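Which chain is which? The protein sequence lines are A and B, in order. Position one of the first sequence corresponds to residue 333 (the numbering used here), numbered consecutively onward. Position one of the second sequence corresponds to residue 102 (the numbering used here), numbered consecutively onward.
Just so you know, the hints here were simulated from the structure itself, not pulled from any lab data. Hints are supplied without guarantee of correctness; some may be wrong.
Lysine-lysine pairs mimicking DSBU-like chemistry, simulated, CA-CA at most 35 Å apart [stated by the list, open to error]:
1) A/381 x B/118
2) A/445 x A/381
3) B/118 x A/390
4) B/139 x A/445
Just so you know, these numbers come straight off a predicted model, no measurement behind them.
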Amino acid sequence: AQSVSQHNHHVILSEAASLELGCNYSYGGTVNLFWYVQYPGQHLQLLLKYFSGDPLVKGIKGFEAEFIKSKFSFNLRKPSVQWSDTAEYFCAVGSSGNTGKLIFGQGTTLQVKP
Amino acid sequence: DAMVIQNPRYQVTQFGKPVTLSCSQTLNHNVMYWYQQKSSQAPKLLFHYYDKDFNNEADTPDNFQSRRPNTSFCFLDIRSPGLGDAAMYLCATSRDRSVSNIQYFGAGTRLSVL
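With the sequences and hints as input, model every part of the structure.
Written out as structure tokens, the structure reads:
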């Protein structure tokens, strides 16, 4: 069965620090990968996605992620975080089969200190 | 403007008392999903509607039902809530079931069971 693992459950950073959140998935076939973000009190929204092509994808608000097929990883990065990046971040993989189902990781809570 | 609206944001029910959660969308999307997210866990798909076709996940308890009377609305019914059903319930929509389609989420309904 497909699964997604996020290594860090809670990350605390100071503003301007660099961020990397780990994500590994278990599925060996063609994958569609996503990072969603949930700001406090708001809905989940798409940060970035990878379907094919350039393994380095750029998303909103200066975030990027790199797909490394050999490592089954899709880590999220940002060179310099801001206080407004405080949120919960979810990595997800699109399930095989014609359902559109997303399989989520447990999420990482990022707290950025001003 | 909110495109996927969930009501209520917070719902308290009693053990065994049926409860209905509501989701509406203004995107005219064909697919509507219901996810359950327990504390510190990944969102987990319960079922989805593709147009009028209901698709249940294999491990979704019978206690959970859903209705979609029209394109815009979808309901989650919990027939006899147990303490273990306390969770955040997320509704999402997508244009179709291709895994490359982005899912749009509502803000969720947090269910408490007393």
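Each hint, compared with the structure:
Of the pairs offered as hints, the one joining residue 381 of chain A and residue 118 of chain B is violated, with about 40 Å between alpha carbons and a cut-off of 35 Å exceeded. The suggested pairing of residue 445 of chain A with residue 381 of chain A holds, with an alpha-carbon distance near 27 Å, which does not exceed 35 Å. Distance hint between residue 118 of chain B and residue 390 of chain A is unfulfilled; the C-alpha atoms sit about 46 Å from each other, more than 35 Å. In summary, the hint linking residue 139 of chain B to residue 445 of chain A is supported, as the alpha carbons are separated by about 27 Å, within the 35 Å threshold.
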